[in-house]
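> Assemble the whole structure, with the sequences as input and the hints as a guide.
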Amino acid sequence: MREKVKEILASEGVRYVVAGGMTTLVNYVIYLALEAVSVHYLVANSLAWCGAVVFAFFVNRQMVFHGTGAPFYEFVQFASARLLTLGLENILLAVLVQWIGLLPFFAKLFVSVVTVALNYIICKYGIFREKHRTQGGVSHE
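Residue numbering for the sequence shown follows this note's numbering, beginning at 283 and increasing consecutively.
Don't take each hint at face value.
[As the list claims (entries may be wrong)] Ranges of calculated distance between the beta carbons of each label pair, as one might list FRET restraints: (1) Cys332 - Gly303: 15 to 21 Å; (2) Val395 - Ser320: 26 to 32 Å; (3) His322 - Leu370: 14 to 20 Å; (4) Ile403 - Ala376: 22 to 28 Å; (5) Ala292 - Val319: 36 to 42 Å; (6) Phe354 - Ala318: 23 to 29 Å.
It is worth saying that the hints were derived from the structure and are not from the lab. Even for Gly, the Cβ is constructed at its ideal location relative to N, Cα and C.
Structure, rendered in structure tokens:
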């Protein structure tokens, strides 16, 4: 039983959820702090995204996917993919806040579910997949 629990806790999915929880905390702390000083919610979201992306890259690379490629190359891919999901997040936030009338905080909670799932898929099957990993700077594609 203990071995099964250890196996589950060591699984990539659980590690991603933990890393995502920490990243989400970083994102929300920055977002709420900026919103508290009257920064527009879309600007606050974008700045919070920047802090969260840097944090998430290092946590995901080390703790979740164990990236072995060139860190700069992986970061560029990671940040680019996250930039796409930021665009989607801001569009969904604007729709939920301006058209549907949700409070920005609750809209952000809802939108986070969509972006977390999309970010996992992009990392797992794109950025940190085995095919893209390099050994000593040589690609194994």
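> Between Phe354 and Ala318, is the Cβ distance one that fits in 23 to 29 Å?
At roughly 35 Å between Cβ atoms, Ala318 and Phe354 fall outside 23 to 29 Å, so the hint is violated.
> When you take the CB atoms of Cys332 and Gly303, is the distance between them in 15 to 21 Å?
With a Cβ separation near 19 Å, Cys332 and Gly303 satisfy 15 to 21 Å, so the hint holds.
> Between His322 and Leu370, is the Cβ distance one that fits in 14 to 20 Å?
holds (19 Å)
> Does 36 to 42 Å hold as the CB distance between Ala292 and Val319, or does it fail?
Taking Cβ atoms as reference, Ala292 and Val319 lie about 41 Å apart, which means the hint holds.
> Okay, Ile403 versus Ala376 on CB: inside 22 to 28 Å?
Cβ of Ile403 to Cβ of Ala376: about 23 Å, so the range 22 to 28 Å holds.
> Could you see if the CB distance from Val395 to Ser320 stays within 26 to 32 Å?
Since the Cβ atoms of Val395 and Ser320 sit about 27 Å apart, the hinted range of 26 to 32 Å holds.
Violated hints amount to a single one, hint 6; each of the other numbered hints is respected by the structure.
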